[in-house]
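Quick note, the sequences are listed as chains C and E, same order.
For the first sequence, position 403 matches number 403 in the working numbering, and the numbering has no gaps at all.
One rule links them: number in the working numbering = place in the second sequence (from 1) + 1000.
Don't read these hints as lab results, they were simulated from the structure.
One thing to keep in mind: the hints can contain errors.
As the list claims (entries may be wrong) - Here are the simulated distance ranges between beta carbons: (1) C:V299 <-> E:L1029: 24 to 32 Å; (2) E:E1172 <-> C:T525: 21 to 29 Å; (3) E:L1063 <-> C:T153: 53 to 61 Å; (4) E:I1014 <-> C:E247: 53 to 61 Å; (5) C:P266 <-> E:M1150: 13 to 21 Å; (6) C:E455 <-> E:D1076: 43 to 51 Å; (7) E:D1076 <-> C:K379: 34 to 42 Å; (8) E:D1076 <-> C:S105: 44 to 52 Å; (9) E:D1076 <-> C:A449: 42 to 50 Å; (10) C:G368 <-> E:L1029: 30 to 38 Å.
Said to hold, decoys possible - Straight-line C-alpha distance at most 30 Å; calculated BS3-like pairs for lysine-lysine: (11) C:K214 <-> E:K1071; (12) C:K140 <-> C:K163; (13) C:K52 <-> E:K1175; (14) C:K402 <-> C:K469; (15) C:K382 <-> C:K402; (16) C:K214 <-> E:K1229; (17) C:K52 <-> C:K120; (18) C:K214 <-> E:K1175; (19) E:K1071 <-> C:K140; (20) E:K1123 <-> E:K1229.
Think of the CB as a built atom: it goes at the ideal place given N, C-alpha and C, for glycine as much as any other residue.
Take a look at the letters that make up each chain.
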Amino acid sequence: MGKKIMSIVIAFMFTLASCSPAAPQNNTESQNSTESKSIPEPQSSTDPRAGKVIWATAQDLTSADAYMWDVSGDIQIHCLAIEGLMEHIGWNEYIPALAASWDISSDSLTYTFHLREGVKFHSGDDFTADDVVWSAQRLKNMPTGSVAGHLSTLEEVTAIDAKTVEMKFSQPNPMIFFDLSYLRIYSQAQAERDGENFYEEFVGTGPWKLQQWKPGEYIRFEKNTDWWGTFKEGCPDVIEHRPIPEEATRLAALLSEEIDIIPMVPVESQSQLTDTDYLYTQGLSGINCIDLVMKNDTVPFNNTKMRQAMDMLVPREMIVNDLLGQGTPANIWSQSFYAWFPQELEGVIKPYDEEQARQLISESGYNGEEIRIMTRKGKSEKDVEICELLANIWNKVGLNVKVEVVADAAFTERRASGDYEMYMTAWDINSPGFYYRDKFKSHNINRAAVDPKFEEMVSDICNEMDITKYNQKVMDLERYLYEDPACLHIYYPQLTWGLSKRIQSLETVGGYLTLRMHNVVLDPTARAK
Amino acid sequence: MEKYIIRRIFISVIVLFGASIVAFLLPRLTSGDPVLIYMSENATPEMLEQAREHWGLNDPYILQYYTFIKKALSGDMGRSLSTGRPTIQMVGEVFPNTLKLAVLAWTWAVLLGVPLGILTARKRNTLIDVLIRTFAMLGRGMPHFWLGIMMIFLFASRLRWLPSSGLGEGIEQIKYLIMPSFVLGTGTLSLIIRMERAEILEVFQKEYIRTARAKGLRNMTITYRHALKNAVIPLITVMGLEIGALMGGAIVTETVFAYPGIGRLAVKAIYDHDYPMIQVLILVFSLTYILINFVVDIIYVYVDPQIRYS
């Protein structure tokens, strides 16, 4: 009886498995080329993937409400359907979106936005100034969430007429467009019709309309053919995002052609993709810098010599070349494509100097105080391994270092409460003045508390509205911190996308992970599952 | 029997009440301030206070618990701190998925495990016995994470027989459930094989089995008509509890296969210090175990006539 049961079960499983479509034929042309494309015959019109692009990331959409969290995973979904007044296309590059043009007062406190004509929401409602006013007030009044902080300086927003909005701010902000990019415009009429969970319909003015959302499974959008903008020719008709938390599973899904795009393919897995004739990789420099942040206001890092010594004990080139196999060693926070990058520092990496570091440590009066390096696992490549490598090196020179790997929420909480001496993070420096002023304080780095010159330089930056002078002042600050670092900048990571050859071209927002899906081009003749 | 059922319901309510206290206190005592986690780095102290007020975190614990119970009794289990959606709705969306996965894993583990357990008992100390017991040991010791990834690369990437991840729709869901249910069920399968083998071997020592052999009955008849009924009784408890364990233990499997289930929801809630979600999940798991235990006890009555509840 046992044998009969087993036979039936095995036969059943094989029957089900045989229901899957057959594996595609291998094309014998150019097996290992990443440049040329092996193009089989065009797919039939019954191909379920025709005109559809699926991309997968580790994170699922946290909240359908664009005003809750300013996390990249949510932003990349919201921006598909819900637009803002301008579109962020790269570092400090903004193009008009729902605002066709704008005027800025001489004191940089009043902004007048002239709204685009003829725009409709996905619900059919007309886009007017009232929607901007309503959205801004809603965002400002959000009781919880991390997005509202970006409009903390907004004092008043008024509809001058149906197509003109005036915003008044309490202080000048050279990075105001970066903050305003978080103000995505919802339809007041739709919100009033659909009630408190209106945002779950993803009704905006954007190029993509919600087709279906199954939390935890996928979110799918279809082309908004009434969009005011232009789709690139060959743009897909349907796009779908799937959250696949496990990196190996994402890779497997790409290899089996179930999906078309994955971000951040690790170096050791890239050859698996390029060895096929239907996948390729596309690398681009991210805007992040991987840093080890130090608490500047407490022992032992409240001492310049100690900070300088730590900086000399980071073998940056070895980490990039031998441990990671990707990236660029970092010496300051900004990268060379930033307008405020001091060009004389390009490629100037501080040498690993154990002897001088020991001397500086001795001169600093270090007394063996424990140094805890707090890190999360998987936030950046080999983050735990890098911390452990550095801990080993530093313990050998007589420091007392311990690595603590913690979960996300514990990390955030300990960082906020200052329960660490160092922590590993990845930061992009969109708004340097405010980063140095606010982030350093809120993250308990507190350099300003022990360094009056730093405080003065940062304050000066935050009040500078002239972009040329602004850039110059940030440059000076970067030079100052190069000599006496607040953080140990380790490397700038290379972001590598894994792509199906169905994707002829891919466009992202600067060095971010956000895709500009209306500019994605499908190769209609490429193989699809 | 009616008195027994009423007594069990009464006890279940007390257990649930206890679980609600644990569900309420555990996240508050073990994790920190969710406001620091959820609010912007640029948030002013006033904004942080406003968030605490909005979430009711400034109230004394006893008042927070009272509010939680009062709302729970009317079906309002609160909103997730991270998504803002009603927690009961979020759980309701994924609970059936995990139930399907757990039941399928359990089903094939039982359908395979019982016969294999009997086979190893009957073929004791032969090659078949050794092979099956080795397989059972491997199944118990093999990490689900590793097994899942290996199966994905073999059956999805290489052979293209099965999808790598997700849930699928309609009848297609069966394909999506094959690998994760296999991975999830291997531990249960090996447990059932070993337990069934031990029970059968014990039952084979009984006098009524010797009598059956003396009467000249065939081995198959002795095993399946006389021995199995008694050997399976202790297994019912294990099999019943295993469904609960499978549901709770699906976390790794759901993560590896990107399967939208309650396990993934639980992991995220714990990492995010999402108090309302943690509370409802603890209650859901508690209720599931209570129901399973209850059903198992009722089944006992029908399987073993010697058992009667007063």
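These are the hints, each one checked on the structure:
| no. | hint | verdict |
| --- | --- | --- |
| 1 | C:V299 <-> E:L1029: 24 to 32 Å | 31 Å, holds |
| 2 | E:E1172 <-> C:T525: 21 to 29 Å | 27 Å, holds |
| 3 | E:L1063 <-> C:T153: 53 to 61 Å | 36 Å, violated |
| 4 | E:I1014 <-> C:E247: 53 to 61 Å | 45 Å, violated |
| 5 | C:P266 <-> E:M1150: 13 to 21 Å | 18 Å, holds |
| 6 | C:E455 <-> E:D1076: 43 to 51 Å | 48 Å, holds |
| 7 | E:D1076 <-> C:K379: 34 to 42 Å | 35 Å, holds |
| 8 | E:D1076 <-> C:S105: 44 to 52 Å | 48 Å, holds |
| 9 | E:D1076 <-> C:A449: 42 to 50 Å | 45 Å, holds |
| 10 | C:G368 <-> E:L1029: 30 to 38 Å | 34 Å, holds |
| 11 | C:K214 <-> E:K1071 | 27 Å, holds |
| 12 | C:K140 <-> C:K163 | 21 Å, holds |
| 13 | C:K52 <-> E:K1175 | 22 Å, holds |
| 14 | C:K402 <-> C:K469 | 42 Å, violated |
| 15 | C:K382 <-> C:K402 | 17 Å, holds |
| 16 | C:K214 <-> E:K1229 | 45 Å, violated |
| 17 | C:K52 <-> C:K120 | 25 Å, holds |
| 18 | C:K214 <-> E:K1175 | 19 Å, holds |
| 19 | E:K1071 <-> C:K140 | 29 Å, holds |
| 20 | E:K1123 <-> E:K1229 | 19 Å, holds |
Hints 3, 4, 14 and 16 from the list above are not met by this structure, while the remaining hints are.
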